[in-house]
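Fit chain B to the supplied structure of chain A, relying on the hints for placement.
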Amino acid sequence: DTGVSQNPRHKITKRGQNVTFRCDPISEHNRLYWYRQTLGQGPEFLTYFQNEAQLEKSRLLSDRFSAERPKGSFSTLEIQRTEQGDSAMYLCASSPGGGVLYNEQFFGPGTRLTVL
Amino acid sequence: DQQVKQNSPSLSVQEGRISILNCDYTNSMFDYFLWYKKYPAEGPTFLISISSIKDKNEDGRFTVFLNKSAKHLSLHIVPSQPGDSAVYFCAASEYTNAGKSTFGDGTTLTVKP
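For the record, the sequence lines run as chains A and B.
Each residue of the first sequence is one higher than the last, beginning at 1 in my numbering.
Each residue of the second sequence is one higher than the last, beginning at 1 in my numbering.
You can take every hint at face value.
Using C-beta positions, here's what the derived DEER-type ranges look like: (1) ARG15/A x ASN57/B: 39 to 49 angstroms; (2) TYR39/B x PRO70/A: 25 to 35 angstroms; (3) ARG15/A x ARG61/B: 41 to 51 angstroms.
Derived lysine-lysine pairs resembling BS3-like cross-links, with alpha carbons at most 30 angstroms apart: (4) LYS57/A x LYS68/B; (5) LYS5/B x LYS68/B; (6) LYS57/A x LYS71/B.
Some chain B residues well away from chain A (every beta-carbon gap over 10 angstroms; in silico): (7) ASN22; (8) LYS56; (9) ARG61; (10) SER74; (11) HIS76; (12) SER85.
Simulated from the structure, these hints should not be mistaken for laboratory data.
Because the structure is a prediction, the values reported are computed rather than measured.
Cβ atoms here follow ideal geometry from the backbone N, Cα and C, with glycine treated the same way.
Isolated chain A, as found in the complex (with noise of 0.2 angstroms):
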């Protein structure tokens, strides 16, 4: 399977814990995003790299959300401090930059977490 995929599938952490979702993109796409989605919504902008450089930030994610792209490979989203608000699904997603301004994007299916 060449798309993007996202480990674990399904987290249940207690208020308070950490947790770290990854995501591994489509081999040789430059880019990488980051996205949350709750019930009735659209997914909502997190973050996004170019190779292993992060470009933009939502205000969205707050001091307790960081992401990392090393060697602009795989990708990690850590929470720390969990609250019960964090609860969403978190979409990765790829595209192939490079030269191309504007690229479709590739999604993995999701990582949904649950905060009690």
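Okay, now just chain B, sitting in the frame of chain A:
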């Protein structure tokens, strides 16, 4: 402030008929628009896109129309098939920040056999 709006949460059509999904935007800087389809338990998948230099783009049964003056776009599916039943998201990007897409809240399309 929601910059991309899909005002119809749901739409139901008969198989073989046309489905029209609508999307409005407020940010005049948006110049590239995309439609994604999402099935349950899967991530969104790209369907069709349109640049602001065009007013129509067609791909098989799917056509997207863009009315820049009205800041409105629509997705037409003809003929509709039961397998088209899904949530459809409209998304928009702007030249100065092409890496970021802003999504609407989606329209759930149900195509009845």
